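Q: Below are the chains, spelled out letter by letter.
Protein chains: 2
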Amino acid sequence: MTAVRIGEVAERVGVSARTLRYYGELGLLVPSEHSSGGARRYTEGDVARLQRIRELQELLGFDLLEIGEILRGEDRLAGIRGEWSEASLPRRRQILEEAGAINLRLRELVGAKQARLAGMLGELEDRARLYRVRAGELAAEEQDGPQLS
Amino acid sequence: MTAVRIGEVAERVGVSARTLRYYGELGLLVPSEHSSGGARRYTEGDVARLQRIRELQELLGFDLLEIGEILRGEDRLAGIRGEWSEASLPRRRQILEEAGAINLRLRELVGAKQARLAGMLGELEDRARLYRVRAGELAAEEQDGPQLS
DNA sequence: TCCGCAGTTTACGTCAACGTTAACTTTGTG
DNA sequence: CACAAAGTTAACGTTGACGTAAACTGCGGA
Numbered sequence: 001m002t003a004v005r006i007g008e009v010a011e012r013v014g015v016s017a018r019t020l021r022y023y024g025e026l027g028l029l030v031p032s033e034h035s036s037g038g039a040r041r042y043t044e045g046d047v048a049r050l051q052r053i054r055e056l057q058e059l060l061g062f063d064l065l066e067i068g069e070i071l072r073g074e075d076r077l078a079g080i081r082g083e084w085s086e087a088s089l090p091r092r093r094q095i096l097e098e099a100g101a102i103n104l105r106l107r108e109l110v111g112a113k114q115a116r117l118a119g120m121l122g123e124l125e126d127r128a129r130l131y132r133v134r135a136g137e138l139a140a141e142e143q144d145g146p147q148l149s
Numbered sequence: 001m002t003a004v005r006i007g008e009v010a011e012r013v014g015v016s017a018r019t020l021r022y023y024g025e026l027g028l029l030v031p032s033e034h035s036s037g038g039a040r041r042y043t044e045g046d047v048a049r050l051q052r053i054r055e056l057q058e059l060l061g062f063d064l065l066e067i068g069e070i071l072r073g074e075d076r077l078a079g080i081r082g083e084w085s086e087a088s089l090p091r092r093r094q095i096l097e098e099a100g101a102i103n104l105r106l107r108e109l110v111g112a113k114q115a116r117l118a119g120m121l122g123e124l125e126d127r128a129r130l131y132r133v134r135a136g137e138l139a140a141e142e143q144d145g146p147q148l149s
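Just so you know, the sequences run in chain order A and B. Note that the numbering used here has the first sequence beginning at 1, numbered continuously upward. Note that the numbering used here has the second sequence beginning at 1, numbered continuously upward.
Just so you know, not all the hints are guaranteed correct.
It does not matter which identical chain is used: a pair holds within one copy or between any two.
Unchecked claim - Think about it this way: if two alpha-carbon atoms lie no more than 16 Å apart in a straight line, the pair counts; the simulated EDC-like pairs of lysine to aspartate or glutamate are:
id: 1; residue 1: Lys113; residue 2: Glu58
id: 2; residue 1: Lys113; residue 2: Glu69
id: 3; residue 1: Lys113; residue 2: Glu55
id: 4; residue 1: Lys113; residue 2: Glu33
id: 5; residue 1: Lys113; residue 2: Glu86
id: 6; residue 1: Lys113; residue 2: Glu11
Derived by calculation from the structure, the hints in this document are not laboratory data. Since we're looking at a predicted model, the values are computed, not measured.
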């Protein structure tokens, strides 16, 4: 079902093919399909997963090991062909709670980042105002006494 | 005036002393004072600069070279003992415009990050809702047919 | 059927941002 | 002033996240 080759995924998402193979090595992103000859074929779900990985990396600053743990926690819950389907009720509850804990942690982290970014933006805007004042002073000087010294 | 030693700065900000010396090597953060024996003494301004460096690194993801360029741009404007004071009017205008350009770029970048984070938070909240539904189903099953199979 | 491009594995290379160790010096407190 | 704790320079080591090169294979169009 419209599974796409590695080069196209790489270009679309803005990473190298090497990066995709590397994620494969780490078990982060194993393509869901393969051609008869053994070439990787990525589904849309795979691409979404890749973008998730990149967000966790670039926005939240996780390294690839941490990202692996996060994804594996969620995978267990999604449980396509995983543990969920045949798990006992207590086990299901455990998986669900783990995924919930990860989710909570991520939401807190995003919140913290947003707060810090908001603070930073405030400072930047203060500086921008200052710059405008300075520019005004400069214009006055240029108008006022162009060649005084 | 209450300039502090490298170890204390390191502990307060949460970096290693090695990191501070490294930033010194790169010209990113040269301590404003030194003891008579040659030991680094950091002022409050230095500490603020360090925190700025860390924000640019951790929040915006710049590498240390880019951070150096940003800081140097702003330094010229601050011009403690720099170019500003003795610069010609056109030169001053140029410096001011460069600093303004950097400031604008940073504000745009912060805005972009905020947008991406907001999107991510939305997805995380969706998932959290899903988890609560799942937990509800699970509770019903546990209540309903505890030992059916 | 042949060609060329895209993909594959294997393996070594790279680079930023520090960590670590060694040998030595300063600092400041009893 | 002695001495432990903290700092200094110089140099080499480490690590994650890929980049790059070589040698080989599969696949779609003329």
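Q: A separate judgement is required for each hint: does it hold in the structure or not?
A: Hints, verified against the model:
Proximity of Lys113 and Glu58 under a CA criterion of 16 Å is satisfied in both settings, with 12 Å inside one chain copy and 10 Å between copies. Taking identical chains as interchangeable, the C-alpha atoms of Lys113 and Glu69 are never at most 16 Å apart, the minima being 21 Å within one chain and 24 Å between chains. Taking the closest pair of Cα atoms, Lys113 and Glu55 come within 16 Å of each other both inside a single copy (13 Å) and across two copies (10 Å). Neither within a single protomer nor between protomers do Lys113 and Glu33 lie at most 16 Å apart by alpha-carbon distance, with minima of 36 Å and 33 Å respectively.
Taking the closest pair of Cα atoms, Lys113 and Glu86 never come within 16 Å of each other, the shortest separation being 38 Å inside a single copy and 40 Å across copies. Taking the shortest Cα distances, Lys113 and Glu11 never come within 16 Å of each other, neither inside one copy (29 Å) nor across copies (22 Å).
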